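Protein chains: 2
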Amino acid sequence: MSEAEKAEKTYEETSFEEVRDEIIKLLDAKKYIRARQNLLSLNEADAAEVIEETEDELGIEMAIILFRMLPKDEAAEVFSRLSSDDQQGIITRITDKEVGSIIAEMDFDDMIDVLEELPANIVDKILERATREERKLINTFLNYPEDSAGSLMTPDYITLKQEWDVGEALAHIKKVGMDSETVYTCYVKDRGRRLLGIVSLRSLVTRDAEVLLADLMVEDAVFVNVFDDREVVSEAFKKYGFLAMPVVDNEKRLVGIITVDDILDVIEEETTEDIERMGGVIDRSDKEYFDSGIFHQVKSRLPWLILLMVSAMFTGLVIAHFETTLAKVTSLAIYLPLLMGTGGNSGSQASTLVIRGLAVGEIELKDAPRVLFREFRIGLVVAGALSAINLCKIHFLDQESFKVAITACGAQLIIIVIAKCLGGLLPLLAKKIGIDPALMAAPFISSLTDTFACFAYFTLASFMFGI
Amino acid sequence: MSEAEKAEKTYEETSFEEVRDEIIKLLDAKKYIRARQNLLSLNEADAAEVIEETEDELGIEMAIILFRMLPKDEAAEVFSRLSSDDQQGIITRITDKEVGSIIAEMDFDDMIDVLEELPANIVDKILERATREERKLINTFLNYPEDSAGSLMTPDYITLKQEWDVGEALAHIKKVGMDSETVYTCYVKDRGRRLLGIVSLRSLVTRDAEVLLADLMVEDAVFVNVFDDREVVSEAFKKYGFLAMPVVDNEKRLVGIITVDDILDVIEEETTEDIERMGGVIDRSDKEYFDSGIFHQVKSRLPWLILLMVSAMFTGLVIAHFETTLAKVTSLAIYLPLLMGTGGNSGSQASTLVIRGLAVGEIELKDAPRVLFREFRIGLVVAGALSAINLCKIHFLDQESFKVAITACGAQLIIIVIAKCLGGLLPLLAKKIGIDPALMAAPFISSLTDTFACFAYFTLASFMFGI
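Read top to bottom, the protein sequences are chains A and B. In terms of the numbering used here, the first sequence is residues 883 to 1349. In terms of the numbering used here, the second sequence is residues 883 to 1349.
The set of hints was computed from the structure by calculation and includes no laboratory data. All values reported here derive from a predicted model rather than from experimental measurement. Errors might be hidden in some of the hints.
Copies of the same chain are indistinguishable here, so a pair counts whether it falls within one copy or spans any two.
Stated by the list, open to error - Below, computed lysine-lysine pairings styled on DSS-like, alpha-carbon distance capped at 27 Å:
#1 K1121 with K1313
#2 K1169 with K1248
#3 K1057 with K1043
#4 K954 with K913
#5 K1043 with K1018
#6 K954 with K1056
#7 K1043 with K1056
#8 K1285 with K1210
#9 K907 with K1121
#10 K1134 with K1121
#11 K1018 with K1057
#12 K1120 with K954
#13 K1248 with K907
#14 K1043 with K1134
#15 K907 with K1313
#16 K1071 with K1018
#17 K1169 with K1120
#18 K1248 with K912
#19 K1313 with K1169
#20 K1314 with K907
#21 K1169 with K1314
#22 K1248 with K913
#23 K954 with K1121
#24 K1275 with K1181
Same shape as in the complex, but just chain A (with noise of 0.2 Å):
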């Protein structure tokens, strides 16, 4: 390798690709002993990886070979990485001591991840195994609903006393820090469990032995209700930059907390179930594309498509209502789809920024008048351009009539103008009565501008050749 090519050498093209394929390949050529070497090598995170590829590659068979060859320490921590359709497909096929051992050695919240995935039986199998308290904790822990804090957090935080000193707490922490999710972020409570403020690992180890945590703790903090949609908690870590965030109870007791590692998860999860859904696609399942089946598939993708259809129809109908004008001038049908096709991109644009400002916290409902303002100004710009260069295309180019040039690029100005107040207002309008905005994206508002398209256009048509 030459100096220069040393020198593009980052972190993605690191030898991470290459000891994955590597291993994939001594598996399939049955070379264990190999492989399992190769693996050792690896951190827990890219040892999940490669067995999550293996899985798609060869099997999950053979991906039951790859995981079983980890050393017993490290295979909980790469189970809990696995995607819960690999993580299933592992726990069906193992021994139930194998599945006890696991699940023994997870995080609490990482456990909870799992058992929400599983079949009801192997559940019940796995709380035979715990005591009579872990049991409860762990009902608990299951009964929070999907998507929210709850769901999200780990009972494995630490409690220091308000009383204490500085060096007292980190006797403490020096005792039970290997077993809690997070030693940076300690939290104190009043008798009634009640949070009282958080103390940091940081203003402990800078502080002096004596110094007493009731001087040092931040009262009045942050922290989310246990039903808080897991949206809100991802908010609020994006403005607030913690690293790990309190979980209250109605009564305001403290009942755990979530780490900023598990929030980068849903951060993607929450960000792809947006994306789907302003494609076109509704999927709750947070399965990946090509771990669902095709008929998963098609059943996230049928519903919204016949919706759609349903409303082109509507514009059909339009079309059909001006048969005679199209009759007479068929030329029309002919910048049909440039009229449709505009409208619905520029609506789309608006919509989409709209809706992300929604997402972000930028745009609220109380801003629909400025929206709507922006919108329509940008919407003349815009339009009036696209029209311009329109006329000359059709007038000069094509050498229609003045008269047909002037119908197109007329409805055009219109309909863009339309697309964009329409796409700035939707998502807004959704929210406000409880819709998803995402769904006011592309899709929706191309086939709502159709209808529109197609209306303003032959409207305008019969009245220019008065038909």
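Place chain B on chain A using the hints.
Leaving out everything else, chain B in the frame of chain A:
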């Protein structure tokens, strides 16, 4: 408030929004003392939000009045959380001395972010105040490409020495901890400043004072290169779940670290860019919806609209080519929106899923054949269902001839399958040739499938009606 209402009171509805609106109302009524009292009750993130909202509603001058009410030690922190537009607005209107004291108080990485956005003459003025050494460091950081790991990192990390024991390390952290971006991950370097290993504060506070760092540090640490794109960095954070990531230069020397709280912002900005491109808006400025002018918006929307209009003109050409067919059977036009609509929407669904799959790393280029086969099968099922519905509707409800119904539905079947395959493949093709796959979303796919739809429809019609 009833008990039930209280129980529903969640994070989103806490009093912050009320305090915010109260402050703005007080400012508007020039009741500055009471506005200040309210402001001081807020944490930095909330205070920043109030200032942004004030700028939005009452203008920048009032926002500056509010900003100046902050105590000195909070001002820098609040400032670093403002949007870059508000930062510029403030910095160009306050005194040089005020600017100097804010900049001096800011974290290094936040300061670089601010300097990157400021006009050169202001940056020069600020640099004049810095020591020669600081100036050199700032200039190095300012020279990293925008959107690179280098532009995100901070040099304020803690370096420990391999030969130290835990006690010595903790004593060092106590001394320098308050000036570091994070104390929770510390770094050990060799003499050539290359990264030797990582020591977490958790491992330090849970071990005895005599343990040597050489025995507990993690070697083979994951790192990113200073020129890696920030998307690569955020992928690495998602995968490994770290709180901080070391950044090395091309000689593998440790030059800085990136902390997870900054990555949350990066993920949001990258997602916004992806979503905007999928909606046909191409804008690399990171400006929010209301922060950009009308002509900025036009500039980011018009080029793509023109391109898509040209594509729609091709569709028009196809119709023009078949004008005689259309003139003979004008009722064919009625089903054109339906065919174009379902084609576009079917294709958009596929492309949305593949674009997202590429973005999260689930789908790779080598998966192209799998994607094609999948979309082909999904397309067949979806097309079958929609065409069947449509056939009944056109023949029985619209009472069109069986010939027209068969033409429309046969064309629909072909179009949907083609659209699904195109939607699945085009994002992969774009990635292959180095274009952002996000551009292959709904607007582009719809425009493309429109052309196919018209062609397939009228070809079939010509054949069916023997024209």
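For each hint, the structure was consulted:
Proximity of K1121 to K1313 under the C-alpha cut-off of 27 Å is restricted to the intra-copy arrangement: shortest distance 22 Å within a copy versus 33 Å between copies. Proximity of K1169 to K1248 under the C-alpha cut-off of 27 Å is restricted to the inter-copy arrangement: shortest distance 21 Å between copies versus 35 Å within a copy. When the C-alpha separation of K1057 and K1043 is checked against a cutoff of 27 Å, the pair qualifies both within a copy, at 15 Å, and between copies, at 25 Å. Taking the shortest Cα distances, K954 and K913 sit within 27 Å of each other inside one copy (21 Å), while across copies they are farther apart (65 Å).
For the homomeric pair K1043 and K1018, the shortest alpha-carbon distance inside one copy (26 Å) is at most 27 Å, but the shortest distance between copies (46 Å) is not. For the identical chains of this complex, K954 and K1056 are intra-copy neighbours only, at 24 Å inside a copy versus 36 Å across copies, given an alpha-carbon limit of 27 Å. In this assembly of identical chains, K1043 and K1056 lie within 27 Å of each other by CA distance both inside one copy and across copies; the values are 15 Å within and 22 Å between. In this assembly of identical chains, the alpha carbons of K1285 and K1210 lie at most 27 Å apart whether taken from the same copy (14 Å) or from different copies (23 Å).
Taking identical chains as interchangeable, the C-alpha atoms of K907 and K1121 lie at most 27 Å apart only when they sit on different chains, with a minimum of 23 Å there against 45 Å within one chain. In this assembly of identical chains, the alpha carbons of K1134 and K1121 lie at most 27 Å apart only when taken from the same copy (22 Å versus 33 Å across copies). With identical chains, the CA atoms of K1018 and K1057 are at most 27 Å apart within one copy only, with a shortest distance of 25 Å there and 45 Å across copies. In this assembly of identical chains, the alpha carbons of K1120 and K954 lie at most 27 Å apart only when taken from different copies (24 Å versus 36 Å within one copy).
Only between protomers do K1248 and K907 lie at most 27 Å apart by alpha-carbon distance; the minimum there is 16 Å, versus 58 Å within a single protomer. Proximity of K1043 and K1134 under a CA criterion of 27 Å is satisfied intra-copy only: 18 Å inside one chain copy versus 44 Å between copies. In the homo-oligomer, the alpha carbons of K907 and K1313 lie at most 27 Å apart only across protomers (26 Å), although the nearest pairing inside one protomer, at 51 Å, exceeds that limit. Taking the closest pair of Cα atoms, K1071 and K1018 come within 27 Å of each other only inside a single copy of the chain (22 Å); across copies the shortest separation is 47 Å, beyond that limit.
Within a single copy, K1169 and K1120 get their C-alpha atoms as close as 25 Å, and across copies as close as 18 Å, so both meet the 27 Å cut-off. In this assembly of identical chains, the alpha carbons of K1248 and K912 lie at most 27 Å apart only when taken from different copies (23 Å versus 64 Å within one copy). With identical chains, the CA atoms of K1313 and K1169 are at most 27 Å apart both within one copy (26 Å) and between copies (23 Å). In this assembly of identical chains, K1314 and K907 lie within 27 Å of each other by CA distance solely across copies; the values are 24 Å between and 54 Å within a copy.
Taking the shortest Cα distances, K1169 and K1314 sit within 27 Å of each other only across copies (25 Å), while inside one copy they are farther apart (29 Å). Taking CA atoms no more than 27 Å apart as the test, K1248 paired with K913 passes between copies only; the shortest distance there is 24 Å, against 64 Å inside one copy. Taking the shortest Cα distances, K954 and K1121 sit within 27 Å of each other only across copies (21 Å), while inside one copy they are farther apart (39 Å). For a Cα distance limit of 27 Å, the shortest separation of K1275 from K1181 across copies, 22 Å, qualifies, whereas the shortest one inside one copy, 43 Å, does not.
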